[in-house]
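Participant: Residue numbers (our numbering), protein chains in the order written: chain A, 1 to 75; chain B, 1 to 237.
Don't read these hints as lab results, they were simulated from the structure.
The reader is advised that the hints may include incorrect statements.
Using C-beta positions, here's what the derived DEER-type ranges look like [unchecked claim]: (1) B:ASP117 - A:ILE36: 32 to 42 Å; (2) A:HIS31 - B:GLU135: 16 to 26 Å; (3) B:PHE165 - A:SER58: 44 to 54 Å.
The beta carbon of each residue, even a glycine, is placed where N, CA and C say it ideally should be.
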Amino acid sequence: MNAGESKVSLSFRLSGILLVAGLCVEAVSLHWVHPIAFLAFFVIGGVLLAAGVLLYLSSLLLHHSSSNPNDTPSH
Amino acid sequence: MRKRSDEERAVKDRGTLETLLVTGEKKQSKANMMPGPTSILFVLLGTTIVLLIVVLARASLTATPAGKILVFLVFFVLPVLCGFWGLNEHLERSKQTAFCLSCHIMQPYGESLYASDPTYIPAAHFQNHRIPPDEACYTCHTDYAMYGTIHVKLHGLRHIYMQYFGTPMNPIRLYDPYNNRECLHCHAGARSFENDTHMALLDQIKSNQLSCVSSGCHDTIHNAAAIGNVKIWRPQE
Chain A
1 MNAGESKVSL
11 SFRLSGILLV
21 AGLCVEAVSL
31 HWVHPIAFLA
41 FFVIGGVLLA
51 AGVLLYLSSL
61 LLHHSSSNPN
71 DTPSH
Chain B
1 MRKRSDEERA
11 VKDRGTLETL
21 LVTGEKKQSK
31 ANMMPGPTSI
41 LFVLLGTTIV
51 LLIVVLARAS
61 LTATPAGKIL
71 VFLVFFVLPV
81 LCGFWGLNEH
91 LERSKQTAFC
101 LSCHIMQPYG
111 ESLYASDPTY
121 IPAAHFQNHR
131 IPPDEACYTC
141 HTDYAMYGTI
151 HVKLHGLRHI
161 YMQYFGTPMN
171 PIRLYDPYNN
181 RECLHCHAGA
191 RSFENDTHMA
201 LLDQIKSNQL
211 SCVSSGCHDT
221 IHNAAAIGNV
231 KIWRPQE
């Protein structure tokens, strides 16, 4: 496994952990009808989910570029 | 000494209101035994979390084309779906009376819904189910215009910010004078509204030149400052 692949694997795992954490926050917040539950969902859960999804999408791009090193745009 | 008696009264009021709200919620939960969208959302959340853990534990799944599709579903489609569904669920819950009254400053306004006095307009509407009791605040305080719900939700975010990070205004005031449009949304065309007084003043009412609530006609609204002296109605179990 080269450095690029290990970076992809790391970001993939990290995005999974962020998504699990975000979904857990969402599940907990849905047990409570209170403004703090809304804030927890919106601020903590939303940020974790968004970060997880964005990291996954960036790891897809990283994976694509590391598996096709000759795909660099020509000038 | 006065501060302590105020605190004791606040605790007593809170207890009364919580009891009333819990009674209402129990009645509602008895009436609604079917699994709703929230139950489906919980199942979806649980499934997504389990699938995420499985994919994280068995990275070899991602080697096949079918595995790649599964990963895309579990890492992108399902979390985005859960996120938006959860947001919608929270926005729907923010319409609930219990949600609005969970802030301490709203307690006297919640009490006023149970005032045993028919001149209290919110109490008359709430107790006779002229408005949905579980969405009482939202029904009268939303903006029945285009983007009204979004407008109200943004105000709600401001209220949460002021409650936890700022100083809420005391006494609470509306941002703008109460618009007759919110009353007419239900009352216009209703038989009980079609009396001589209303019909004679209809143009002025519709144009807000004459306010329903502050022109001396229906002027006892929440009256939160005096709610401690009013008899409270307790719903039968």
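Participant: Does each hint fit the structure? Answer for all of them.
Facilitator: Hints versus structure:
For ASP117 of chain B paired with ILE36 of chain A, a C-beta distance near 33 Å keeps the hint of 32 to 42 Å intact. Checked against the hint of 16 to 26 Å, the pair HIS31 of chain A and GLU135 of chain B passes, with Cβ atoms roughly 20 Å apart. Between PHE165 of chain B and SER58 of chain A, the C-beta spacing of about 32 Å breaks the proposed range 44 to 54 Å.
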